[in-house]
Amino acid sequence: MAAQLFFNGLVTGLLLALPALALTLVFGVLKFANFAVGAMLTLGAYAAWVVNVQLGLPLTAAAAIAAVTVAGAGLLTDQLVFERLRLRGSITLLVASMGVSLVIENVCRFFFGNASRGFDVALSRPIRWEGIRINQEQITIAITVVVCLVAVDVLLRFTPLGRAMRAVADNASLAAVRGVERRTIARLTWVLGGALLGLAGVLAGLDRSIDPLIGWNYQIAIFAAAILGGLGSPIGAVLGALTIGVAEEMSALIIPTNYRQVVSFAVILALLLFRANGLLGAKAARK
Amino acid sequence: MIAYLVTIAILVCVAALVGLALNLQWGQAGLVNFGVVGFVAIGAYATALLAPHLGWFPAMLIAGAVSAALSAGLALLSIRLEENYLAIVTIGFGEVVRLAILNEGWLTYGALGVADIPRPFAALGQMIGGDTVFIAFALALVAVVFVLLEAMARSPFGRVLRAIRDDATVTSALGKNVFALRVRAFAVGGAVMGTAGALHAFYLTYIDPSQFTPIVTAYAFMAVIAGGRGSNVGLLIGACSIMALLEGTRFLKDFVTVIDGVQLSALRLGLIGAGIVLLLILRPQGLAPESKRRAADLLPDDKASA
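First to last, the sequence lines map onto chains A and B.
Quick note: the first sequence, position 143, residue 143 per the numbering used here, numbers continuous.
Quick note: the second sequence, position 76, residue 76 per the numbering used here, numbers continuous.
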């Protein structure tokens, strides 16, 4: 039982890792927490659903289109909203991102209604290994996320773009002096973050049914993961996501499953009170 | 038609109370609260559960007090946090309240909700028409809260809150206890949100968890942004115009057959989101900006005394 929950927790954690990474990357470069992460994840799930179910293409093609769609949405909101408000302080950006979140969520609701949807994938028998039941979906989620994480890691560490992103996140003025354009890097960060959110939406749609609140249900856990890792730290976000995933699933042993989400909230609160910079340390969270 | 206008009027009153509260917390004190709906729900449930036993007035006072106490508690824990973190903590609080109301059936009757909430002045209402009495009650409540909050905004407390919002470091250097003042601002806001919840419960006489969604929070933000952050008069204008516009769209259902009810509500909520973003970009000062008080207004007039 505990082993099964731990395994499920790891998969949930991997699923959370992509949006948490997206949140933390955008925070690193733009210095504000994007409250539209949940809604963008929802958008990804619906984009993939349209391609997969309505157009009848395989799920891999659907995932690619979902990633492109959400990356585009990220670019568009950045251009139309966040760039214009950039100098007006982080509270304004926060509230604006809540507004963006409402718009995206309700565009999805307008076109697809409140009904639950599912991808057109063949049902398959779960594998049993050492007494643990493993679904096909869980394997897909784990492999996709690990591949994405390795790709992002390589991108951040070994490419000029990754170096530039880290430079802007670290010190935007200094990066500008060295000829790294903040604006270009910000756009590319949105593309990367959007693509990760789109893929996360597809994986979330595999894990549960798709409805307009699918992303919102992950929202607090995503933030808990990113804060746990120290907002702005990519590796921290991944470790934070795994921790939150395991903590949420394992909590079923001691508290009613209805209260799973409370675990994330409790983790955020406890962490901010006792170790305000996240596990790996980052920007100060207190004023 | 009349019944419909009455409903709109009451909804505007509830929204105005919630907006006034957020205007104190966010507009004047600069503290972002994304968990507004949680405090409103607590006020509504406290009222619903207590009013049949204690009568409406004590129930309403206790609703405000419970909301204020929880607000102060949350503020004590989290008000030192930087905006991004305060925002997620308050969202989390709102979700925890929602889960607790849904799952603690022994107290809240879960998804079934609480029915038969007594209205204030019910006896008087039976004599001269329940709606008239209730509207008068709602307007009086908004008026009392408005006068109190406006007096507070002009008091030294309000002044120091705005100073903290504009520059917390300077205010702190001038010897003000920024932390305690922020907690107090949050608690007063919580009390008003609880009272708004009470009015909501009194009007509907039946409450259930589905009435308290994050949309309540979005309405409040929209009203504060539209009215002009920090201005209570602006807030009333903002709340009235927003609610009138939004509720007006409910009429569309009878004329427009192309889109169904779910689509209409999605359209309404999407417009709220777009409105928030557009107002922030195009008219950040709002419809009725907070009046800037110059230092000279506060000092005794030199020429008169000379």
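Please note that the accuracy of each hint is not assured.
If you want the ones that stay clear, here's a sample from chain A, every Cβ over 10 Å from chain B, calculated [what the hints assert, rightly or not]:
{"id": "1", "residue": "4"}
{"id": "2", "residue": "84"}
{"id": "3", "residue": "96"}
{"id": "4", "residue": "100"}
{"id": "5", "residue": "105"}
{"id": "6", "residue": "126"}
{"id": "7", "residue": "163"}
{"id": "8", "residue": "212"}
{"id": "9", "residue": "231"}
Under the rule of at most 25 Å between Cα atoms (straight-line distance), these lysine to aspartate or glutamate pairs were calculated in the DMTMM-like manner [as the list claims (entries may be wrong)]:
{"id": "10", "chain 1": "B", "residue 1": "176", "chain 2": "B", "residue 2": "166"}
{"id": "11", "chain 1": "A", "residue 1": "31", "chain 2": "A", "residue 2": "83"}
{"id": "12", "chain 1": "A", "residue 1": "31", "chain 2": "A", "residue 2": "130"}
{"id": "13", "chain 1": "B", "residue 1": "176", "chain 2": "B", "residue 2": "260"}
{"id": "14", "chain 1": "A", "residue 1": "31", "chain 2": "B", "residue 2": "82"}
{"id": "15", "chain 1": "A", "residue 1": "31", "chain 2": "B", "residue 2": "260"}
{"id": "16", "chain 1": "A", "residue 1": "31", "chain 2": "B", "residue 2": "83"}
{"id": "17", "chain 1": "B", "residue 1": "176", "chain 2": "B", "residue 2": "150"}
{"id": "18", "chain 1": "A", "residue 1": "31", "chain 2": "B", "residue 2": "167"}
{"id": "19", "chain 1": "A", "residue 1": "31", "chain 2": "A", "residue 2": "170"}
{"id": "20", "chain 1": "A", "residue 1": "31", "chain 2": "A", "residue 2": "207"}
{"id": "21", "chain 1": "B", "residue 1": "176", "chain 2": "B", "residue 2": "247"}
Some but not every residue of chain B turned toward chain A, in silico, with C-beta under 8 Å [said to hold, decoys possible]:
{"id": "22", "residue": "32"}
{"id": "23", "residue": "73"}
{"id": "24", "residue": "76"}
{"id": "25", "residue": "84"}
{"id": "26", "residue": "91"}
{"id": "27", "residue": "103"}
{"id": "28", "residue": "106"}
{"id": "29", "residue": "147"}
{"id": "30", "residue": "248"}
{"id": "31", "residue": "266"}
{"id": "32", "residue": "267"}
{"id": "33", "residue": "274"}
{"id": "34", "residue": "284"}
{"id": "35", "residue": "285"}
Simulated from the structure, these hints should not be mistaken for laboratory data.
Glycine included, C-beta positions come from ideal geometry on N, C-alpha and C.
Need the status of pair residue 31 of chain A, residue 83 of chain A: alpha-carbon distance at most 25 Å? holds, 12 Å
Cβ separation check - residue 96 of chain A to all of chain B, threshold 10 Å: violated, 5 Å
Given the hinted pair residue 31 of chain A and residue 167 of chain B, is their Cα-Cα distance within 25 Å? holds, 20 Å
Restraint satisfaction for residue 284 of chain B [CB to CB of chain A, less than 8 Å]: Hint holds; residue 284 of chain B Cβ to chain A Cβ min 7 Å, cut 8 Å.
Does the CB of residue 84 of chain B sit less than 8 Å away from some CB of chain A? Holds: closest Cβ of chain A sits about 4 Å from residue 84 of chain B, inside 8 Å.
Outside-interface status for residue 126 of chain A - nearest CB in chain B farther than 10 Å: Non-interface label on residue 126 of chain A holds, nearest chain B Cβ at 29 Å vs cutoff 10 Å.
So, as I understand it, the hint says residue 147 of chain B touches chain A; can you test that by seeing if any CB pair is closer than 8 Å? Given a least distance of 28 Å, the restraint on residue 147 of chain B is violated.
Per-residue hint verdict: residue 32 of chain B, partner chain A, C-beta under 8 Å: Holds. Min distance 5 Å.
Does the claim that residue 84 of chain A lies off the interface hold, with its Cβ farther than 10 Å from every Cβ of chain B? violated, 5 Å
Against chain A, with CB atoms and a cut of 8 Å, does the hint on residue 91 of chain B hold up? Holds: closest Cβ of chain A sits about 7 Å from residue 91 of chain B, inside 8 Å.
Next item in the hint list is residue 274 of chain B. Is there a CB on chain A closer than 8 Å to its CB? holds, 5 Å
Identify whether the interface hint at residue 285 of chain B stands, where standing means a beta carbon of chain A within less than 8 Å of its own. violated, 12 Å
The earlier numbered hints that this structure contradicts are 2, 3, 4, 5, 8, 9, 12, 13, 15, 20, 21, 23, 24, 28, 29, 30, 35.
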